[in-house]
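**Q** Residues per chain are reported as follows:
Number of protein chains: 4
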Amino acid sequence: MKVGFIGLGAMGSAMASNLIKAGHEVTVWNRSTAPTEPLASLGARVVKSPDRAVLGEVLFSMLANDQAVRDIFIGGGLLDAMDKGLVHVNHATISVSLARELGVEHASRGLDYVAAPVFGRPDVAAAGRLNILAAGKAHVIERVRPLLEVMGSRIWPLGDAPDRANVVKIAGNFMLGAAIESMAEASALARAHGVSAADFLEVMTSTLFASPAYQGYATLIAEQRYTPAGFALPLGYKDIGLALSAADATRVPLPLASLLHDTLLEALSAGDEDVDWSIMAQVAARRAHLDERKL
Amino acid sequence: MKVGFIGLGAMGSAMASNLIKAGHEVTVWNRSTAPTEPLASLGARVVKSPDRAVLGEVLFSMLANDQAVRDIFIGGGLLDAMDKGLVHVNHATISVSLARELGVEHASRGLDYVAAPVFGRPDVAAAGRLNILAAGKAHVIERVRPLLEVMGSRIWPLGDAPDRANVVKIAGNFMLGAAIESMAEASALARAHGVSAADFLEVMTSTLFASPAYQGYATLIAEQRYTPAGFALPLGYKDIGLALSAADATRVPLPLASLLHDTLLEALSAGDEDVDWSIMAQVAARRAHLDERKL
Amino acid sequence: MKVGFIGLGAMGSAMASNLIKAGHEVTVWNRSTAPTEPLASLGARVVKSPDRAVLGEVLFSMLANDQAVRDIFIGGGLLDAMDKGLVHVNHATISVSLARELGVEHASRGLDYVAAPVFGRPDVAAAGRLNILAAGKAHVIERVRPLLEVMGSRIWPLGDAPDRANVVKIAGNFMLGAAIESMAEASALARAHGVSAADFLEVMTSTLFASPAYQGYATLIAEQRYTPAGFALPLGYKDIGLALSAADATRVPLPLASLLHDTLLEALSAGDEDVDWSIMAQVAARRAHLDERKL
Amino acid sequence: MKVGFIGLGAMGSAMASNLIKAGHEVTVWNRSTAPTEPLASLGARVVKSPDRAVLGEVLFSMLANDQAVRDIFIGGGLLDAMDKGLVHVNHATISVSLARELGVEHASRGLDYVAAPVFGRPDVAAAGRLNILAAGKAHVIERVRPLLEVMGSRIWPLGDAPDRANVVKIAGNFMLGAAIESMAEASALARAHGVSAADFLEVMTSTLFASPAYQGYATLIAEQRYTPAGFALPLGYKDIGLALSAADATRVPLPLASLLHDTLLEALSAGDEDVDWSIMAQVAARRAHLDERKL
Chain D
0 MKVGFIGLGA
10 MGSAMASNLI
20 KAGHEVTVWN
30 RSTAPTEPLA
40 SLGARVVKSP
50 DRAVLGEVLF
60 SMLANDQAVR
70 DIFIGGGLLD
80 AMDKGLVHVN
90 HATISVSLAR
100 ELGVEHASRG
110 LDYVAAPVFG
120 RPDVAAAGRL
130 NILAAGKAHV
140 IERVRPLLEV
150 MGSRIWPLGD
160 APDRANVVKI
170 AGNFMLGAAI
180 ESMAEASALA
190 RAHGVSAADF
200 LEVMTSTLFA
210 SPAYQGYATL
220 IAEQRYTPAG
230 FALPLGYKDI
240 GLALSAADAT
250 RVPLPLASLL
260 HDTLLEALSA
270 GDEDVDWSIM
280 AQVAARRAHL
290 DERKL
Chain U
0 MKVGFIGLGA
10 MGSAMASNLI
20 KAGHEVTVWN
30 RSTAPTEPLA
40 SLGARVVKSP
50 DRAVLGEVLF
60 SMLANDQAVR
70 DIFIGGGLLD
80 AMDKGLVHVN
90 HATISVSLAR
100 ELGVEHASRG
110 LDYVAAPVFG
120 RPDVAAAGRL
130 NILAAGKAHV
140 IERVRPLLEV
150 MGSRIWPLGD
160 APDRANVVKI
170 AGNFMLGAAI
180 ESMAEASALA
190 RAHGVSAADF
200 LEVMTSTLFA
210 SPAYQGYATL
220 IAEQRYTPAG
230 FALPLGYKDI
240 GLALSAADAT
250 RVPLPLASLL
260 HDTLLEALSA
270 GDEDVDWSIM
280 AQVAARRAHL
290 DERKL
Chain S
0 MKVGFIGLGA
10 MGSAMASNLI
20 KAGHEVTVWN
30 RSTAPTEPLA
40 SLGARVVKSP
50 DRAVLGEVLF
60 SMLANDQAVR
70 DIFIGGGLLD
80 AMDKGLVHVN
90 HATISVSLAR
100 ELGVEHASRG
110 LDYVAAPVFG
120 RPDVAAAGRL
130 NILAAGKAHV
140 IERVRPLLEV
150 MGSRIWPLGD
160 APDRANVVKI
170 AGNFMLGAAI
180 ESMAEASALA
190 RAHGVSAADF
200 LEVMTSTLFA
210 SPAYQGYATL
220 IAEQRYTPAG
230 FALPLGYKDI
240 GLALSAADAT
250 RVPLPLASLL
260 HDTLLEALSA
270 GDEDVDWSIM
280 AQVAARRAHL
290 DERKL
Chain Y
0 MKVGFIGLGA
10 MGSAMASNLI
20 KAGHEVTVWN
30 RSTAPTEPLA
40 SLGARVVKSP
50 DRAVLGEVLF
60 SMLANDQAVR
70 DIFIGGGLLD
80 AMDKGLVHVN
90 HATISVSLAR
100 ELGVEHASRG
110 LDYVAAPVFG
120 RPDVAAAGRL
130 NILAAGKAHV
140 IERVRPLLEV
150 MGSRIWPLGD
160 APDRANVVKI
170 AGNFMLGAAI
180 ESMAEASALA
190 RAHGVSAADF
200 LEVMTSTLFA
210 SPAYQGYATL
220 IAEQRYTPAG
230 FALPLGYKDI
240 GLALSAADAT
250 RVPLPLASLL
260 HDTLLEALSA
270 GDEDVDWSIM
280 AQVAARRAHL
290 DERKL
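Keeping their order, the protein sequence lines are chains D, U, S and Y. Reading the first sequence from the start, the letters are residues 0 to 294 in numbering that gives the first Met the number 0. Reading the second sequence from the start, the letters are residues 0 to 294 in numbering that gives the first Met the number 0. Reading the third sequence from the start, the letters are residues 0 to 294 in numbering that gives the first Met the number 0. Reading the fourth sequence from the start, the letters are residues 0 to 294 in numbering that gives the first Met the number 0.
Source of the hints: derived by calculation from the structure; they are not laboratory data. Each residue gets a CB set at the ideal place from its N, CA and C atoms; glycine is no exception. Everything hinted at is true.
Below, a list of computed lysine to aspartate or glutamate pairs in the DMTMM-like style, where the Cα atoms sit at most 25 Å apart: (1) U:K237 x Y:D247; (2) D:K237 x S:E100; (3) S:K136 x Y:D198; (4) Y:K136 x S:E201; (5) Y:K237 x U:D247; (6) Y:K237 x Y:D247; (7) U:K237 x Y:D65; (8) D:K237 x D:D271; (9) U:K20 x U:E141; (10) D:K136 x U:D198; (11) D:K237 x S:D65; (12) Y:K136 x S:D198; (13) U:K136 x D:D198; (14) U:K20 x U:D50.
Distance ranges between label pairs, derived from CB positions: (15) D:A80 x U:T218: 43 to 49 Å; (16) S:A209 x Y:P227: 25 to 31 Å; (17) U:E36 x D:A197: 41 to 47 Å; (18) Y:V149 x S:A197: 28 to 34 Å; (19) U:G193 x S:D247: 25 to 31 Å; (20) U:D273 x D:R144: 44 to 50 Å; (21) U:A209 x Y:D247: 32 to 38 Å; (22) S:A209 x Y:S195: 24 to 30 Å; (23) Y:G75 x U:R128: 50 to 56 Å.
This is chain D alone, in the form it adopts within the complex (with noise of 0.2 Å):
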């Protein structure tokens, strides 16, 4: 099929390759044009605007937040620029109220709109692993669903409403910071008391715990390895945020994700940007002065 696909990060890299060596007709759009050079040797035709990459059945984007896709369909008249028929699959992670906003300016314009964030780091993408969320018209979904099987190991179609697949990227997302949060603030603890945190992660992540979030997270909060980061810290927060702002606009007190967000403050007010989220293990053991106690 022939499609385009624009914003190629690490992950929208990884996906828009597998689509390639799919067999599948692909033009790419990148800001910065360094990540288009690997796709090219790959047999993508690269373009110099996104408004040249929507000229086939299917548009896939995955930029970087909110401003990023503001600023390409909105403000810089992307949506005016597609065909009626075309689908946008839209796999950033937005903000619910530009979820909703998103499917509003679509369907204004007849143009098919799939909201797809996805669960998975750049390995699981470039496995062609992801897990797909997939909000949107179900004949539209079904339209798309080989091209997001090339991409995805499974697909979870959620209904109709766009923000109802990113309202469950934005609440997964948050399970996860509650995930890193428990384990480093029960690392301290354990830690206090003698147990490594390698020890004790070890069991709690091959019994009660053991599934790949826990596993990933919890082998750098083990080694307090925080660079590279994997998901870097400003983005976690950014995050959390989304959660936040969903719930202030459904009034949903969510303590948890208030404690998430002041101690990704706490990490990020120590001035390194480029660390991992799970940075947080960092906050909980500097709480309990513990590197200066010798644990």
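Here the structure of chain D is known, so what remains is to put chains U, S and Y in place on it, guided by the hints.
**A** Chains U, S and Y only, in chain D's frame:
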């Protein structure tokens, strides 16, 4: 082997059953006599006071809390009734401070002591599939290992000091509480945006959080089914209290444990104790007045 | 002096009245016309658009929030309608970021700007007893000081940068919210032990906390009288939001502000907006189910 | 009148001095003897065991905490050494549960008991200007009122049940802690925006919060002067613990008290106990890394 087992709640009964079925000669005692009957029919010898259960090589105990352990072993003098060389394997979830005290009390009497709290609910205990934490002298743990392996699928040696096993158990239960609170709040957020808790939690526990702990509690939360209690609210409240006490003693701030304490207290203040501690999800929904909004 | 005054809510009306009574020639504008009538009868000149209120030497504004200020001064072009040399005295409680933006916008047009948020409720404003924070160039503040002294009993110069006055106002309102929450929780504790909120708060506000802020709110809490709203719940929620935004922007964790945010959101989710923000005391009591217990 | 006074810390010494100076015949005892010397020189009779201080009509006690009260009155048998008809006036800040227990223990021995915790620091005690809470039988309070009026400027009768005075004291100290935390966080916010804590707090404590409690702590925070301790960190931590215990016993969630507990624990984990509990402001600044930013 000839062993004793005292404390026959749902957990203790299941564990003692497995020892009997494995061919061991088990003498049992419990404060109330009803739970002894099924074990008697399996072949256990039932005695009327705990001091008559300490005649074998090993005494297992699975009592409810610090108070019960203290009343029987220290106040009731059971420690003084034990012969040198006997090994006491204490499966109870008790405080770090009592664990430490018991270590000293056993040592001063020449008794071997293994702190062996477990992870797993009664059905897991019945299946002999518990995860058993074990702290005590290595050669003592090795001596009782064949018996522990009858009750558990995996034994986790955690070093000499008995309180090391207890702090891991306490920190682990804290992580369970955190997992429940995160599902509770995240589901409230999803519901407020029109996604049912069941739909949301199915995605999460099939993907990032595909572990038994999450899956079990997700079912209760999705169905708002808090009775019968798998793990009763007052026990959860007690265990978070154990985490806070252990943290206070070593001056480790645990804001997430404080949050769980406050949520569980809010649940308790409603007056119903005979509910599962995943009732935290009801608290999250009530704070957002979700049921009144008919979401 | 010849001055303009726009924004005639309860606060603005009381402040403008005092200027008129002090003999100044005051031109007033308000979005809705009803509030202009009492001022007209005192001698104010009423105009139909805000740009006709900027003809004197000073323009006072007391608008509701960021949006209203932005709509009128930036979106509506009022800044462009002002003559060089005019002083704009902005009494509104606005965000630190808008305060900074307005500083730049005024300076680039050669307009003098004083950020002058106030402490005091409408009755205090009517009595001309406000505390007026004032940030802006010292000579400009001195120029308008005689006018400010008509409205306030004390002027607090806070330096040149306009946002300095706004951050003090925002941080002060945060402290007010904290005072209410502390009375709310402490009263719940007293009530649960059989001491009425009235008895408890009488002791506290006659001794350690014998200040107007505590005494005023203590009365509302003791009498559970949350209507009519002295300071409405949505405004309190907005102001705590301003504190959190200012804190986020400078990466200052404020866990107590987060707690207030969550409490106010819980109050708002009950659906009634037309109540005083001291309704926080009802939230504290509800979390403890005090009314059901008939304490 | 002939009275006894035991417990001669800074508070007790100042209170006993005033009784002596008012012409009463005071017998004093303290665990260490140094504090008895200045009182002896004022005319006090010094005894070597507490049971020799209970020979008069009234026994005042001002001991440090639950443990000290329990050790002397219950463990040490002092209650049994008292004659019927003697009134015990207990000024200590003790737990609600011990207050209740002491009420029962006195009554069962025919002893009159007045729980009389105080508000005021040592300098206020020395000036005879304490606020004295008083719970006990009305006629007993009236009997000791002339003595209390020597020590305090105002007596607050709070009903018959002794624990009523203690819960008010505990809830009041909780409110003090909340006031400090709110100044700590609000000052951190102001500092991050370039307004010094001194400038900010001067405005606040001259206007909305013009009460002695705020003014005293504001000075310490503005000057970052946490030694010598007016009210030591471990005592503040203990008192917030008393509030949480009283709340747990009656199932009243106090999220703000939990927050104070966590903040005080963070301060304690730094290792220095000999500081004022307003060191909470240092915790707030450290969480925002303000000093490293040189704000």
